[in-house]
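Chemist: Based on these hints, arrange chain S on the given structure of chain R.
Protein chains: 2
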Amino acid sequence: MSKYVYSFGGGTAEGDGTMKDSLGGKGAGLASMCRAGVPVPGGFTIITDVCNVFFDNDKKVPKEVDEQIWKALDQLEALMGKKLGDAADPLLLSVRSGAKFSMPGMMNTILNLGLNDKTTKGLSDKTGNPRFAYDCYRRFIQMFGEVAFGVEMEHFDHAFDTLKAKKKYKLDTEMTADDLKVIVEEFKKIFKKHAKRDFPQDAREQLLLSRNAVFMSWWAPKASYYRKMEKISDRLGTACNIQAMVFGNMGDTSATGVGFTRDPGSGEKVFYGEFLVNAQGEDVVAGIRTPSPISELKDWNADVYNQLRDITSKLELSYKDMQDFEFTVQEGVLWMLQTRNGKRTGPAAVRVAVDMVTEGLIDEKTAVMRVAPAQLDQLLHPVFDTASLKSLTKLATGIDASPGAAVGRLAFTSEDAVEMSAKSPVILIRKETTPDDIHGMDAAKGILTAVGGKSSHAAVVARGMGVPCVVGCGAISINERGKVATVKTADKTVTIKEGDWVSIDGATGGVYLGQAATKDPDPNSPVFAKFMKMADVFRGKFGVRANADIPRDAKAARAFGAEGIGLCRTEHMFFAEDRLPHVQAMILTDNVKDRTKALAKLLPMQRKDFAGLFEAMNGFPVVIRTLDPPLHEFVPKREELMVDLAKLPTADIKTKKEMLSRYKNFAPDVKSLKTVLPQLLARVEQLHEFNPMLGHRGCRLGITYPEITEMQARAIFEAVVQVAKKGKTVIPEVMIPLIGGVEELENQKKIVKAIAEEVLGKAGLKKQKYMIGTMIEIPRAALTADRVATEAEFFSFGTNDLTQTTMGLSRDDYTKFSKEYEEKKIFKNDPFGVIDREGVGKLIKLAVDLGRSTNPELEIGICGEHGGDPSSVEFCYQVGMDYVSCSPYRVPIARLAAAQAAIAKSEGSAEANRTA
Amino acid sequence: MSKYVYSFGGGTAEGDGTMKDSLGGKGAGLASMCRAGVPVPGGFTIITDVCNVFFDNDKKVPKEVDEQIWKALDQLEALMGKKLGDAADPLLLSVRSGAKFSMPGMMNTILNLGLNDKTTKGLSDKTGNPRFAYDCYRRFIQMFGEVAFGVEMEHFDHAFDTLKAKKKYKLDTEMTADDLKVIVEEFKKIFKKHAKRDFPQDAREQLLLSRNAVFMSWWAPKASYYRKMEKISDRLGTACNIQAMVFGNMGDTSATGVGFTRDPGSGEKVFYGEFLVNAQGEDVVAGIRTPSPISELKDWNADVYNQLRDITSKLELSYKDMQDFEFTVQEGVLWMLQTRNGKRTGPAAVRVAVDMVTEGLIDEKTAVMRVAPAQLDQLLHPVFDTASLKSLTKLATGIDASPGAAVGRLAFTSEDAVEMSAKSPVILIRKETTPDDIHGMDAAKGILTAVGGKSSHAAVVARGMGVPCVVGCGAISINERGKVATVKTADKTVTIKEGDWVSIDGATGGVYLGQAATKDPDPNSPVFAKFMKMADVFRGKFGVRANADIPRDAKAARAFGAEGIGLCRTEHMFFAEDRLPHVQAMILTDNVKDRTKALAKLLPMQRKDFAGLFEAMNGFPVVIRTLDPPLHEFVPKREELMVDLAKLPTADIKTKKEMLSRYKNFAPDVKSLKTVLPQLLARVEQLHEFNPMLGHRGCRLGITYPEITEMQARAIFEAVVQVAKKGKTVIPEVMIPLIGGVEELENQKKIVKAIAEEVLGKAGLKKQKYMIGTMIEIPRAALTADRVATEAEFFSFGTNDLTQTTMGLSRDDYTKFSKEYEEKKIFKNDPFGVIDREGVGKLIKLAVDLGRSTNPELEIGICGEHGGDPSSVEFCYQVGMDYVSCSPYRVPIARLAAAQAAIAKSEGSAEANRTA
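Read top to bottom, the protein sequences are chains R and S. Under UniProt numbering, the first residue of the first sequence carries the number 1, and numbering increases by one thereafter. Under UniProt numbering, the first residue of the second sequence carries the number 1, and numbering increases by one thereafter.
Please keep in mind that the hints were generated in silico from the structure rather than gathered at the bench. It is possible that some hints are incorrect.
[Said to hold, decoys possible] Dumping the calculated DSS-like pairs for lysine-lysine here, alpha-carbon to alpha-carbon at most 30 Å:
| no. | chain 1 | residue 1 | chain 2 | residue 2 |
| --- | --- | --- | --- | --- |
| 1 | R | K647 | S | K593 |
| 2 | R | K825 | S | K647 |
| 3 | R | K664 | S | K637 |
| 4 | S | K637 | R | K431 |
| 5 | S | K647 | R | K647 |
Chain R extracted, bound-state conformation (with noise of 0.2 Å):
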């Protein structure tokens, strides 16, 4: 005869571990946990295959599973000491789905199985406490009318509701037990009428019909949605498990509780948690009671402590990790009800991680395994304290850009939180930001824009510079010019000025009124550096490099780990005070000689800037872009200017000094307005695109310009000159932008080259190694790589314009029905946050093959801010790439994920293996 049940309980089980095709995955975890003589309370599992014949077999099953059924209940019914629908000393059961894949929430359970109207007596006087009784046999006359005959919920919630209406009781707990006893028995009543049969007595019989509940739920419509999701077979068929209840609020004997076997916040090795004397687990969570540390237990019953600690420690060795554990005492006696790997914070993450390698529990491997890469961003910045952060009203939830806690006062210009910023923290709030806001950006403690997404200037900016950043942020209308901004929220609409106390969490996208309490971290602490030794270990000669524009940022990247720079955009130097107006010079001249003399006035400071970049970065290679944005993103708005050329004729004096301000590198005074402004307007409407993202930028630039490229290359090889000679050692990559094809390599490659040998060769350093390359950033270049890496000896993916341009979606507009598309499974991910591996990520592949072909020396990175995301770091390791490149604050996550992806190659998907 076939085994369909397999008992469990009392030390030992008939099944195991291993048998999670039959068991399923709870029956298979419990069975385990029996056999490791943790103490469970008993029970039995039904295998999966009496639901498959079940459904074959007209809804029945054969006589033997039944009598299996009887069997192990007695054997329970004489481990536990209780009869099911015993009067006095009722056993009292839950009856539970379990397929071998879990699916969470999507079958059936009935609790309280065997209350009846005597048996609910019985649990009234065992413990004293009428109420808890007539409680438990309502909500199980719900669950099982529900769940075994389909009674909609809301005929109960209206037979419930309407008795608190009449009793005038605000919340369910002022129900008395005389209440209960009432609702009892108007839900036979509605049971009667909608089951059309009476509620069964018999206790056996809501057992066998409660089991073919959770069989039928195998079939119920969001269960089969979710198996055709996740590709789980329909013929897997579920498990029903069957267990004894156990109360922890039987009496001053009776307790429960939930604990940890570490700390779960900070990874100590602590024994961590709390319990309540007398009481139901949903107490310690309701909050109603105040819970006791988990210390205490000790006092209350030393035994049922030493014999928890033991247990649970024992459950850590065996798992071999964190335990999260919830228990019962009943009667003096103790139950686990539940182990499994505890969830924890990032610091703890990496403790945990280090310690069990210390203890000799993992080794590390798993250490490296065990912490999500996006973990460390809680170790890399201060984050919030909830509870401070609870207090707060609530404004908005944006787009998290930037991660860390941030707090501070509102600044509406990047001209006034350079201001503010002197006398208190600021926070930079506006509809986008531009390169214009670089000095704003930087005096400010937080970013928050109304529009844009993960890759939008403030976004990517805010990550080079680490300040948290919330954007894309549209329940805020922002009024820049009056300095005050509304805010729609769930109740009212608030308005908040320039001033005001905010603190936004760019972790979450969080919005808040008010100073939040915030915690800062140690990423320099012993236990950090110790795994991300680990780590690297793994990660081998895979590079991880940082973007960084400004020696400060370059520093920063070494100390978090940088082995190079992958980007330095040359540009963001143009945005000084000191520089601009060269560079709106250089723009706005229609003439070569005009050009030149103020490039010669730019290139100075330019060498300098690469000057100190080199120096930084001694012995590991630096990147350097050649000028890539547009050139109109470096003068003044095109309808800022209209609108104020409007205004002109009939301005009064104090609009036309605010307009001085605006351009006062064109303009000497408010009578010059007049005709510098039309002058102004005329060049930058020539200079105005419909779509600046596929405009005259990049390699174009340099191409139209070739005395850009010119003096941008002087700049970088003077710069190396000085450096050399210092006795450092510099490794120049200069990096030519957005090219379409091998001509515009070619071309750039030529003008830099020239300048390299003219300017090495005349301080005798010929032999100062440097390499020209490209971004592979607009799909051409990917389709043609095997001719543009003839001409490259280095390849850096611009995952955000390749993006752009691969999927034709711009990152300043996409927010605008991303949300939707994420909604309607459109996309699977912010494809500007994790590279679109079935799209994007395709061309990657085949850019990388195609230049390899026919220049197997290329070296070959990644520069997008896709470089500092987990799930693309794996991806760009799978494909073959040399390095990432990210924002300096973002160099551990890479140097995270690229071990374990460097550890999943052989072992599967990195994603798939973590813990957390």
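Modeler: Just chain S now, with coordinates in the frame of chain R:
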């Protein structure tokens, strides 16, 4: 002994036409003509091997070569009855290079060799024209000095100009024979000074030096560079052709002329040409004397005339193509100087091809290959009368965007264009056009814009309408509000204003001030129909459809032979005056209810449009694209609103009324502007995008506003029902634009399908067939085409957008640097005119292959503007598409290009086989 020198002349030749390797192209041609009995001035060819020997042998040639040369010269002297260096009647020679492949203008030529102090006098006496003789001599000294001794041209020019200035002559022709004698003496001095030897008086020495100079020019920098570009081997070497010179100015028995075997303008089979008695070839071209029609040659010398007719007829028979020939009669003897396949106009090309088939001269395949598809344009559009055009001031040259000649008065706004067109033809001049301008473009005879390229809105729409159009005319600064424009020409600034007459040539990009005369073509001539019928036989199943949005265009498309509509842009119907308010209401509302209400008003209008298309295309497929452009195209411009809002507080009543006319769909009266404008601006700001090309458009609209797709699907299928019930055959294909992956198509397909089933079901037309497919216009869609094809029943490549995204190039902005890119050879062609095969083409090929891999039944076409470009049509044929679709007026061009592609498939590239 090897043979190095091959003689020709006197009705025979040692070489023949097959010996291009050794005789070079020119030498082989001369041999071939001689063998055909054509009276060619005699001469000899020194073979290409000698050139290699010359360079291998320190720039010397073996003695045998010289010996063979002198022998050949003896023969030549006998043949021509003159001797080299004979003071009384000198033989003069030309010395020309001639490699296997034509390298036009890359190598050297020396004419009039044999002149010296004595022979010049002889020539002078013989011709009775000392001015001619001394002019020949001074030219020879100069040419020989420059080519053989590297004496710089400027030294000779300086001496010539000095004398000219001294004599106060304006023209070179004012120089007298005596002046030229002075010049000859001067030139000899210059020669001596720079060549460091006397000018050689010995004609044989002149010959050897000239031969060496011709060989030397094989390695001239421009020739080397040309070979590198054209991938011609350096080892081929050049032959050297030495030929007797003949003169048509040796008195009244001499003459010179040019002609064609058929009329190159009309193709008519008439002997066509002109001649001058006692003249040189250049006199015919220079236009100082008026030549006589070639028919009069008969009266002058009947023998010569008959001989010429006879020879040229034979030449046409031999070359099987219309010949363009040059001849000279020297002292009563006819010499043919050149014959080649003649260039011809489009109408002539068609007529000659058709006639030659009728005459049995060529087969149909050859006839089809003889006409360049682009030549058909001249048969489909009016052209300017060239003489008439010459009398006008040329204002500027823009980009030739839609062919045809147009003459009209300038209108600066679409409203003005409509109004003015009632009284006179109109040219609409705009900075750029937008969909708002459709009615103005429709009313205009021609369109002229200052910005944009071949794929700009103006260009695309104009081609669709068949209206001549010039775009990107940057030299014109337009003040639209002032209704005036200024143009900087080479020498002055011209102001043009409303009502001024201009003429624009859409085939050349020329813009002229004034009224030029135009000639109308006859596209319905029997000869054209016959030609297209021949072409269609070769085209086979490969289809040609048209892009058409309204029934009128659909009818035109049918008349041009379109086999269906490949693209109907539904949004073009949205701009009609009766619809725009509903479209705007739909866009400006923030709730589904109002949007649905506005859409309900549009439904019957769209249904009517579609029904019209289906009727016109009875039995042919109609591809209808759902809404594509960003919504802000339908509402007032943001910056215009900002300016108006800024002006409003201080505006006078006239300005306010002007504003009201702009916002009449939103504001009922002047007073309401104060409240309406800020609201309108707020919504327009929400719709504003930084890169609209990559923004919220295409299927992204239908996904976020499913009710728009629903309305359009309903209009389509209700129209299907309406037309099908009339007994017509309707073949609807619904096309979803701008998808990036299969998920978007799934979403929209579901909506369309549900409506289709409902509407067709209700009408009892369940068997009515229809297809749902998608545009491939985003790289990601191409990269994932295998998955897309599982849902798509057809693909249509939108190569405009696919080029924009694949190349990262905005078609609205790229003209700022495209000219520079073409000059620097970064763009081989305008990528919006000709498919970029290397990049975009690779992606198309990939998508075709991926798509067919999962869906072999997939119908594949192209509906981008490239569908009407011959090279692109060839590409589409090669990658295996089923059809191309283009603007109606390009349908014949596409039909011919497709036929040529089909022919070329087994015979190499179509382009290489074309004559014109």
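Chemist: Can you confirm whether the C-alpha distance between K825(R) and K647(S) stays at or below 30 Å?
Modeler: violated (46 Å)
Chemist: For K647(R) and K593(S), compute the direct alpha-carbon distance and say whether it is at most 30 Å.
Modeler: This hinted pair is violated, its Cα atoms lying about 39 Å apart.
Chemist: Sort out whether K637(S) lies within 30 Å of K664(R), counting only the CA atoms.
Modeler: Holds. K664(R) to K637(S) sits at ~29 Å (cutoff 30 Å).
Chemist: Decide if the proposed pair is consistent with the structure: K637(S) and K431(R), CA atoms, cutoff 30 Å inclusive.
Modeler: OK: K637(S) and K431(R) at ~20 Å, within 30 Å.
Chemist: Holds or violated: K647(S) with K647(R), Cα cutoff 30 Å?
Modeler: holds (6 Å)
Going down the numbered hints, you'll see the structure goes against 1 and 2, while the others check out.
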